[in-house]
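Chemist: In case you want the letters, here they are:
There are 2 protein chains.
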Amino acid sequence: MTTRIKGVLSPVVTPFDSNLKPDAPRFVRHCQWLLDNQVGLAVFGTNSEANSLTLAERMHLLDALVEQGLDASRMMPGTGSCTIEDTVQLTAQAVKHGCAGVLMLPPFYYKGVTDEGLYRYFSEVIQRVGDARLRIYLYHIPPVSQVPISLALIERLLKDYPQAIAGVKDSSGDWNNTLAMLEQFQPHGFDVFAGSETFLLETLRHGGAGCISATANVNPAAIHALYAHWQDADADERQQALNAVRSAFQKHVMIPAMKRAVAHWSGIDTWAGVRPPLVELDDAAGRQLIDDLQALKFEMPGMRA
Amino acid sequence: MTTRIKGVLSPVVTPFDSNLKPDAPRFVRHCQWLLDNQVGLAVFGTNSEANSLTLAERMHLLDALVEQGLDASRMMPGTGSCTIEDTVQLTAQAVKHGCAGVLMLPPFYYKGVTDEGLYRYFSEVIQRVGDARLRIYLYHIPPVSQVPISLALIERLLKDYPQAIAGVKDSSGDWNNTLAMLEQFQPHGFDVFAGSETFLLETLRHGGAGCISATANVNPAAIHALYAHWQDADADERQQALNAVRSAFQKHVMIPAMKRAVAHWSGIDTWAGVRPPLVELDDAAGRQLIDDLQALKFEMPGMRA
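Those sequence lines, one after another, are chains X and S. For the first sequence, my numbering assigns the number 902 to the initial residue and increments by one for each residue that follows. For the second sequence, my numbering assigns the number 902 to the initial residue and increments by one for each residue that follows.
Keep in mind the hints are simulated off the structure, nothing from the lab. Careful, some of the hints might be misleading.
Here are the simulated lysine to aspartate or glutamate pairs, EDC-like style, with alpha carbons at most 20 Å apart [as the list claims (entries may be wrong)]:
| # | chain 1 | residue 1 | chain 2 | residue 2 |
| --- | --- | --- | --- | --- |
| 1 | X | K922 | S | D987 |
| 2 | S | K1060 | S | D1016 |
| 3 | S | K1012 | X | D1032 |
All of these numbers come straight from a predicted model, not from anything done at the bench.
Build out the structure end to end from the sequences listed, making use of the hints.
Modeler: What follows is the structure in structure tokens.
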């Protein structure tokens, strides 16, 4: 890729049928709706239940998007796994399809591993994929992975692989960490994406690339509007409105809450389903969520997935 | 299976060749050596780097053991993964081969999940495998998985699946938790295995089934001897000798340390290799380990893997 992906991306929620099998046509429709709202496709992220999917399911869903003509230059599939071989296979598929990049978790089973071990993992993946088009966005999400990606590791990887190491999604929730990345690495062409739209405005004010946020699944147009108009006088007001919507979701576990909202606004009940170990919202929580969102005049215009 | 597996099992370390591919013949030889020393085969555990292996690699290695005539009634392969489908596939293979049971991690990507979600996960696996021969040993290892298996979850699973839910490996390192399992569930035929030989004698004194311990890879005969002679007068002395050997390993990261010891006593250097994100012991640490072990008159008689 010559042009780097920027802006707002969504870790796309994965629809299941009543047997909890991925529903590829519905997935494609939701992705198309996100693209129509100027939001890029970070498919197979944490919010996609990617690690609850098999390798074959993930590869089939990505193939389906490309076969249906969705723009691969707007895609950043998650490909990191505990196993180098699996990560290489998923990453090579994304590169072959011309995806803008891949979002790569560190191997997340062992805890307390060294930067040296993580360096070897990413280095091995880059060498085995062996394709100059590869662009890796490191996925720093210590609250879930419990395996942080340190500033020292980024520095070492960037030095040795300045082309392949393209940026980061910082889902630490720690603004000081995002700021350190923005100051140390963004000036060298390492694109920093905030892990939620809560930090979008601040990230843009410090030269960052955008955000990759769960809520972009349900509130794409308004989040993109802040990205497009961040230098306007009403930017702080827009940020506050985004935060209010996010807060309504954050009263619940995010993934089932977002799927409940999609189910409600699309009229498709099966959208609410999640794979174990996640659990769908119960009726009372679901009603509270919809009430809270309606009180904010929240809508999902054009949603018919 | 009519007879439940008991005693000492080893989460078998996985040998790699110089390209970090699993070395099946060497794996079979190490497993045979463990069986010769009365130690059962909990292949594909944490110490086996199982989550750094692909599904195909794990299935190929288990097939190799069975094809080479090793006794499946002494095997308890690890089959838990983040994905129900993968867990079902690995578990069904183990049941088909007549393995004594399977050691099952909970799905370990999402943290803070509910007991309801974990119940649905295990329940779904049991129903999809759909084989009366299935025996699941729940794998409680919160320091690594970060997803505990609570007493309340065990109680619920045991009530609904009294045949399939056969026991637990408690690698919490918290003796009070092991004791609670021994008191509440062992009397109902739920076999409690300590997660290390450090707790072997206490576990047996409270009616437990044995232990599944990393160090059984390198010190199998002595650990089994404590199991066989735990009511003898010298049992505490044996326990202390086991603890001293374990302490020499625990000065280092366990997995590379055990592989370094196997490399030393087998004379096969490639045994020391680990997959990223783990890192092999450096020369100084390796020398210290071997010196410490030799000072304890440690040996691996008959090791020629």
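Chemist: Take the hints in turn and mark each one as holding or not.
Modeler: Here is how each hint holds up against the structure:
1. X:K922 to S:D987: 14 Å, holds
2. S:K1060 to S:D1016: Given that 20 Å is the threshold and the Cα spacing comes to 15 Å, the pair holds.
3. S:K1012 to X:D1032: 34 Å, violated
The structure is inconsistent with hint 3 alone, although it conforms to all the rest.
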